[in-house]
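Q: Keeping their order, the protein sequence lines are chains P and V.
By the working numbering, the letter at position 209 of the first sequence is numbered 209, and the numbering carries on one by one without gaps.
By the working numbering, the letter at position 53 of the second sequence is numbered 53, and the numbering carries on one by one without gaps.
No lab work stands behind these hints: they were computed from the structure.
Careful, some of the hints might be misleading.
In the DSS-like style, the derived pairs of lysine-lysine whose C-alpha atoms are separated by at most 30 Å in a straight line are [as the list claims (entries may be wrong)]:
(1) P:198 x V:198
(2) P:34 x P:150
(3) V:284 x P:203
(4) V:198 x P:181
(5) P:58 x P:242
(6) P:242 x V:181
(7) P:34 x P:72
(8) V:203 x P:181
(9) P:284 x V:181
(10) V:181 x P:203
These numbers come from a predicted model, not from an experiment.
There are 2 protein chains.
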Amino acid sequence: MAEAIRRRELLFGAAGMTLLGAASSARAAEPTRKLGYAIVGLGTYGADIIMPRFADCKYSRLTALVSGDPAKARALAAKYGVPERSIYNYSNFDPIRNNPDVDIVYVVLPNSMHAEYVIRAAQAGKHVLCEKPMANSVAECEAMIAACRKAKVKLMIGYRSQFEPYNVHAMKLRREGAIGKVRYVQSEHGWNQGDPSKWRLKKALAGGGSLMDIGIYSVQALRYLSGEEPVAVTARESTDRKDPRFTEVEDLINWTFEFPSGALGGGLTSYSSHHNHSRITGDKGWLDMDPSTAYQGNRIRLRRLWDPEQEVTAPPGPSANQFAGQLDHMAQCVLTGAEPIVPGEEGLRDMRIIEAIYRSAAEGRTISLA
Amino acid sequence: MAEAIRRRELLFGAAGMTLLGAASSARAAEPTRKLGYAIVGLGTYGADIIMPRFADCKYSRLTALVSGDPAKARALAAKYGVPERSIYNYSNFDPIRNNPDVDIVYVVLPNSMHAEYVIRAAQAGKHVLCEKPMANSVAECEAMIAACRKAKVKLMIGYRSQFEPYNVHAMKLRREGAIGKVRYVQSEHGWNQGDPSKWRLKKALAGGGSLMDIGIYSVQALRYLSGEEPVAVTARESTDRKDPRFTEVEDLINWTFEFPSGALGGGLTSYSSHHNHSRITGDKGWLDMDPSTAYQGNRIRLRRLWDPEQEVTAPPGPSANQFAGQLDHMAQCVLTGAEPIVPGEEGLRDMRIIEAIYRSAAEGRTISLA
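Isolated chain P (complex conformation):
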C-alpha cells in the first residue's frame, strides 16, 4: 500500500517538477526547429480549441491535417498555413510516414477511432498524442501501447489538466502539507447534453456516456489531488432511458474510491447538469477548486485551520496555457528522449478504473482495483 502511494507520488508528485525541469533543460538547449504536428479530426475540440494554441507554443507547430471533410480541411489549412500536400483523409492517411514535416500525430477523433489511428500513426513511424479517454476498452489501450513500443515512438495522452497551473499548484500544496493528511477528495464533472444525435451519445462511437467523456476528469482529479491510487470502487448510476439523449449511454454516476491511506474519494459525472468542481480535505484544512479543470479561469480557495479562507493565485507554468504546455511537453519529450508525464500507461490506468466503475454500477457491488 505504501508502495502504491509512493508510485503515485512519483508519477504525479514528480509531475510538476518533471514538467518544469524539462522546460528548463529544453530552454538550456534551445531546439533548432519546432516539431510538426498533424491533427487528426477537425471537430470543435481539434479545430477551435487546439489549433489556435500552436501560436502560443515554443516547440510545436501545426504542419498537417487529417479529416474526412475536404472543404473543412482546406479552409483550416489556409487559415493556419498548412500546405495542400499535408492535407490527408482517412483513406490516404498512412503515407503520412513520408512527410518529413510531421513528427507527432495528435488524435482528436471520436473515442472509438483512437485505437486505430494511434496504431496507424505508430506504424507510420510518428510519435503520438491521443485525446482522452485513451480508447473504449482496456484491451484497446494495451494494443496501442504495444504498437507504439514496437514502433519505438512515444505515446502521450491528452490530460491537459496536468499542465494547468492551478492543478499543478494544488498538487504541490497538498504535497507540501498545506491541508495535512488527506481524508477526503471530491470531484464533480458534467455538462448538460443537448442534441441527442451527437456522437458523444452513441455507444459505438463514444464507448460510454458522461463517465468516458467528462467523468474521466474526476477520475484523474481524485487521483492526482489525493496523490494516491484507488484500491476499490463502489458506484451507482442513474439514467432516464426514456430521455432521447440517453437511449445508449449513461447520464449520472456517483462513486466512492477507497485509497490505501484510508482516505475516501467521491466522484460524480453527469450528462444532465453542469459540474466542474473539486475539493480535497485533510486533517489540517481544505483546498477547493471551482472551477477545477476549465479551459481558463480555474481558482483555488485554501482554508487552513484555523485561518481565514484565502484565494490562492497559482504561479504561472512554463507555458502560456495548458494547451500549449501539453503540446510543447510532448515535443520536448521527443526532442530530449524523456518519457511524457502522462504516457499511454496513464490512459490505461484510467481505463481500468472506468471499466471497474461501470462494472460496479452494473453489478451492484464493490470492485477491487488492488
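For chain P, the structure is supplied; the task is to place chain V on it using the hints.
A: Below, chain V alone, put in the same frame as chain P:
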C-alpha cells in the same frame, strides 16, 4: 414516487411558509407569557450554545435546569435567574410535572439518554424538544413518539438548520426553480476529533460515530435541499481501528442516495477532518453553501447558467437566529396547537436512513429505503 416527492415538498417545502405563517399568526395573537423551558443536560451545547439564546426569544424563557453536576447547575441557575427550586438532578427529575414554570423539556443529553428522558418528560406531562440524533435506534424513536402521543404532548427534534435563514432560503430558491431540475446534491459534514475519552467516541453513549453526530446534518441537507426522500442508499466506511479515537465508532463514511426523480445525492461524514459544505446542482445551475450549517456565517453562492456566479444574501428569518427560531417555533406550536415542522417522525425518518447507511457499509450492498 411522485407522491414521495410531494410528501417531501409538503414537509420541507412548506417549512419556510409554515414557520413564517406561524410567526405571523402568533404575532397576531401575542401570547400573554413566554413559555418556560427546562434544559436537561448542561454540556457545551446546552450551556454555551443554547442557554444564551433565550435572550433572543420572543416566546421562550429558561425556567429550569436538570443536571448530574449540582455545582454547575447552581452556577448556571444564578447566571440565568433560575430559582433554586427549579434545579433538578437525574434522580428527582420526575416531580418536574408539578412545576408550573416548565412547559417544555429540552433534552440535550448524550444520545443514549434521549429516549429515557423524552419518555419521562412526556410522562410528566411536559412537551418535549429533543436534540438530534433523536435516539440510538429506530425502536427507541418509535417508543418516544408513542409516549408523547399517549401523553398528548408535542415532540420536536432539534434540527436547527431548518430555522437558519440561509438553509430556508436555499430550499426556497430550489423550489422556485433557480437551478432548474435537481440532478445532484452533495453534502459534507465532519470535524476532527481530539480527546479519545469523550462520550461522542463511546458507542454505548453516542450510538455510533461521525454519522450519528455530524453526518446527520448531511442526511438532513440532502433531503431538504433536494426536496426528496431517498429510496436507496449505498455506503462505504473507512475507519482506522488502531487510532485510539476510533476503537468503538466510525470515522469516515461516504454514501450515495438515489432519489425518486432520478437525482443522486452524495454524503460524507468524518471524524478526522473538518467539513461543512453543501451544493445542489440542477440542469439550470447550482447553489453552493460554504459553510452550510454553521452556527453563524453561512453563505450561498448561486450560479445560474450562463450568468456569473453571485453571492446571495438570505432575507432574515422571523427570529434573531436559528437557535431562538427553534426555541420559539416549539413554543408557538404549544401555544397555537400547530405541529412542529420537525416532529418526532422527522427524527425517526433520519434514524431509519442512518441505520440503512450503517447496514449498507457493513454488508457491502445497496439498501432499499422505499
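Q: Determine for every hint whether it applies to the structure shown.
A: Consistency of the hints with the structure:
1. P:198 x V:198: Given that 30 Å is the threshold and the Cα spacing comes to 57 Å, the pair is violated.
2. P:34 x P:150: Between residue 34 of chain P and residue 150 of chain P the Cα gap is close to 26 Å, so the pair holds against 30 Å.
3. V:284 x P:203: At roughly 26 Å apart (the allowed maximum being 30 Å), residue 203 of chain P and residue 284 of chain V satisfy the hint.
4. V:198 x P:181: holds, 23 Å
5. P:58 x P:242: violated, 49 Å
6. P:242 x V:181: holds, 16 Å
7. P:34 x P:72: Holds, at roughly 25 Å.
8. V:203 x P:181: OK: residue 203 of chain V and residue 181 of chain P at ~26 Å, within 30 Å.
9. P:284 x V:181: This hinted pair is violated, its Cα atoms lying about 36 Å apart.
10. V:181 x P:203: holds, 25 Å
Hint check: violations occur at hints 1, 5, 9; the rest are consistent with the structure.
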